[in-house]
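Engineer: Sequence:
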Amino acid sequence: MSLTNDDAPSVLVPTGVAPYSYPCLRSLGGRGVHTVTASEHDHVPVFASRFCDETATLPSPDEDLLAYKDALLDLAARDDVRTVIPVREYDAYLLSKYRDEFAEYVSLEVPDIATLERVHDRVKLAEAAEAAGVPVPETRPFDEVDDWDGERIVKSRYNLLADEYVDTHGPSEAEEVNNVTHNRPGEQPDREEMLAEMNHVPIVQEFVPSSDEYMFAGLYDRGEPVATFQHHQIRGNSYTGGGGVYRESMYDPELEAVARDLLGELDWHGLACIEYMEHAETGEYYLTEINPRMWQSLPSTVQAGADFPHYYWLQSQGRQSEIDPGFELGVGSHLLYGELGYLTSVLRDESPFVERPTLRETAWEIGESVVRQPRFDFLRLDDPRPFVSGVLQTLSKSN
Numbered sequence: 001m002s003l004t005n006d007d008a009p010s011v012l013v014p015t016g017v018a019p020y021s022y023p024c025l026r027s028l029g030g031r032g033v034h035t036v037t038a039s040e041h042d043h044v045p046v047f048a049s050r051f052c053d054e055t056a057t058l059p060s061p062d063e064d065l066l067a068y069k070d071a072l073l074d075l076a077a078r079d080d081v082r083t084v085i086p087v088r089e090y091d092a093y094l095l096s097k098y099r100d101e102f103a104e105y106v107s108l109e110v111p112d113i114a115t116l117e118r119v120h121d122r123v124k125l126a127e128a129a130e131a132a133g134v135p136v137p138e139t140r141p142f143d144e145v146d147d148w149d150g151e152r153i154v155k156s157r158y159n160l161l162a163d164e165y166v167d168t169h170g171p172s173e174a175e176e177v178n179n180v181t182h183n184r185p186g187e188q189p190d191r192e193e194m195l196a197e198m199n200h201v202p203i204v205q206e207f208v209p210s211s212d213e214y215m216f217a218g219l220y221d222r223g224e225p226v227a228t229f230q231h232h233q234i235r236g237n238s239y240t241g242g243g244g245v246y247r248e249s250m251y252d253p254e255l256e257a258v259a260r261d262l263l264g265e266l267d268w269h270g271l272a273c274i275e276y277m278e279h280a281e282t283g284e285y286y287l288t289e290i291n292p293r294m295w296q297s298l299p300s301t302v303q304a305g306a307d308f309p310h311y312y313w314l315q316s317q318g319r320q321s322e323i324d325p326g327f328e329l330g331v332g333s334h335l336l337y338g339e340l341g342y343l344t345s346v347l348r349d350e351s352p353f354v355e356r357p358t359l360r361e362t363a364w365e366i367g368e369s370v371v372r373q374p375r376f377d378f379l380r381l382d383d384p385r386p387f388v389s390g391v392l393q394t395l396s397k398s399n
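This note's numbering puts the first residue of the sequence shown at 1, with every later residue one more than the last.
Hint data in this document are derived by calculation from the structure and do not stem from the laboratory.
Heads up, the beta-carbon is just placed ideally off N, CA and C, and yes, glycines get one too.
One thing to keep in mind: the hints can contain errors.
Pairs of lysine to aspartate or glutamate, DMTMM-like flavour, derived with a Cα cap of 25 Å [to be verified]:
#1 K124 to D261
#2 K124 to E224
#3 K124 to D146
#4 K124 to D112
#5 K124 to E206
#6 K124 to D74
#7 K124 to D267
#8 K124 to E197
#9 K124 to E173
#10 K124 to E175
#11 K124 to E289
#12 K124 to D221
#13 K124 to E322
#14 K124 to E151
#15 K124 to E361
#16 K124 to E164
#17 K124 to E328
#18 K124 to D143
#19 K124 to E176
#20 K124 to E265
#21 K124 to D163
#22 K124 to E138
#23 K124 to E192
#24 K124 to D147
#25 K124 to E254
FRET-style restraints, in silico, Cβ to Cβ [stated by the list, open to error]:
#26 R50 to G367: 29 to 39 Å
#27 R78 to R356: 47 to 57 Å
#28 S60 to A103: 18 to 28 Å
#29 G318 to R78: 15 to 25 Å
#30 P59 to E361: 44 to 54 Å
#31 T358 to E193: 29 to 39 Å
#32 E289 to P59: 20 to 30 Å
#33 E151 to G30: 43 to 53 Å
Make the full structure from the sequences, and use the hints.
Structural biologist: This is the structure:
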């Protein structure tokens, strides 16, 4: 489908297959902003949304990152397109690295590439947290660890491998690496095996015993908060952790303080989603990571009244004074296929540090929360086609 609307201003929303761009279309399309949704895939669930005004085809960023960037730039150069929303890690990286090229055509709310590297590089991020005086797990490059007696986690150093960060990738190459391994005390991981799995030297972090996980989201203007949001992550992709699939909005001034201190230290600009663990013994909020883009749980954020796609649009258009950053507390929302993934993880995943819940207990908790908080990320009665399309696509892949 390809439509045009010469009268309405347009927003460019690049996306893959995952439907996390949907709240951007729903928020801005519902306000009369012409939505241009672009992907390297032909069959994307959000293409079926009534809020998707126009679709465009992109090259795959996995195959040629510069070709993907050039195609984004061609779309951004259209007279009607006013801004580009970073939805994926590739977009956050490209919009920052080539910010001057994009700025010839559109207004962007993204950090410069040097600041972005301090977030994408988990060693530098830990150093920034220490400088800000906020809790962060002890973090060291794999090759600097000589004592494996304690409880450790081995994880990728970079959210994204790209030429700005590592010398193994050229300008046209990039890949997302999100591997995490819970290492048993006293067992030293095989370095070559880790390198083969992650394509770079990973980091080692101390294991933080956590009672709960939380998220802080913000839109910043050169180090100053414009809008912020918090939620309590009840369940993630797995019982061992991961992105939230059921969350409830909340507010804790201590969480607000540690997040603001960190983003202030970074002199942050644009979107930030910070994941935290609450230390089971001290109650302190320990930094997990920062996503410099829209986030997986964005639908639940918007349902609680914190409409970050609209905030981003307003700030990019010089209308920051129109942003009302309030939100409702205690609002929960479910990512339905994520809930199924969590249930599956109870059967398949294992960790030496996190106790496995029982299947019966897990099923009961999911069912109870669905009845108590019947809100869903993508199942919407006034726009059901993206959810139906996603289900059909998932079923076709499983056959």
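Engineer: None of the hints should be skipped; say for each whether it holds.
Structural biologist: Do the hints match the structure? See the list:
1. K124 to D261: Answer holds: K124 to D261 is near 16 Å, not above 25 Å.
2. K124 to E224: Between K124 and E224 the Cα gap is close to 21 Å, so the pair holds against 25 Å.
3. K124 to D146: Given pair K124, D146 holds - Cα atoms ~20 Å apart, limit 25 Å.
4. K124 to D112: holds, 15 Å
5. K124 to E206: Roughly 16 Å between the alpha carbons, so the hint for K124 and E206 holds.
6. K124 to D74: violated, 33 Å
7. K124 to D267: holds, 14 Å
8. K124 to E197: Holds - the C-alpha atoms of E197 and K124 are around 22 Å apart, at most 25 Å.
9. K124 to E173: At roughly 22 Å apart (the allowed maximum being 25 Å), E173 and K124 satisfy the hint.
10. K124 to E175: Roughly 19 Å separates the two Cα atoms, so the pair holds.
11. K124 to E289: holds, 11 Å
12. K124 to D221: With a Cα-Cα distance of about 22 Å, the restraint between K124 and D221 holds, given a limit of 25 Å.
13. K124 to E322: violated, 35 Å
14. K124 to E151: Given that 25 Å is the threshold and the Cα spacing comes to 22 Å, the pair holds.
15. K124 to E361: The given pair, whose Cα atoms are some 40 Å apart, is violated under the 25 Å limit.
16. K124 to E164: holds, 14 Å
17. K124 to E328: With Cα atoms ~34 Å apart, K124 and E328 exceed 25 Å; violated.
18. K124 to D143: Answer holds: K124 to D143 is near 16 Å, not above 25 Å.
19. K124 to E176: Distance ~18 Å between K124 and E176 Cα, so the pair holds.
20. K124 to E265: holds, 12 Å
21. K124 to D163: It holds: about 17 Å lies between the C-alpha atoms, which stays within 25 Å.
22. K124 to E138: holds, 12 Å
23. K124 to E192: holds, 24 Å
24. K124 to D147: The given pair, whose Cα atoms are some 22 Å apart, holds under the 25 Å limit.
25. K124 to E254: With Cα atoms ~23 Å apart, K124 and E254 stay inside 25 Å; holds.
26. R50 to G367: 29 to 39 Å: With Cβ atoms ~31 Å apart, the hint holds.
27. R78 to R356: 47 to 57 Å: holds, 51 Å
28. S60 to A103: 18 to 28 Å: holds, 25 Å
29. G318 to R78: 15 to 25 Å: holds, 20 Å
30. P59 to E361: 44 to 54 Å: holds, 46 Å
31. T358 to E193: 29 to 39 Å: Holds - the Cβ-Cβ distance for T358 and E193, about 33 Å, lies within 29 to 39 Å.
32. E289 to P59: 20 to 30 Å: holds, 28 Å
33. E151 to G30: 43 to 53 Å: With Cβ atoms ~47 Å apart, the hint holds.
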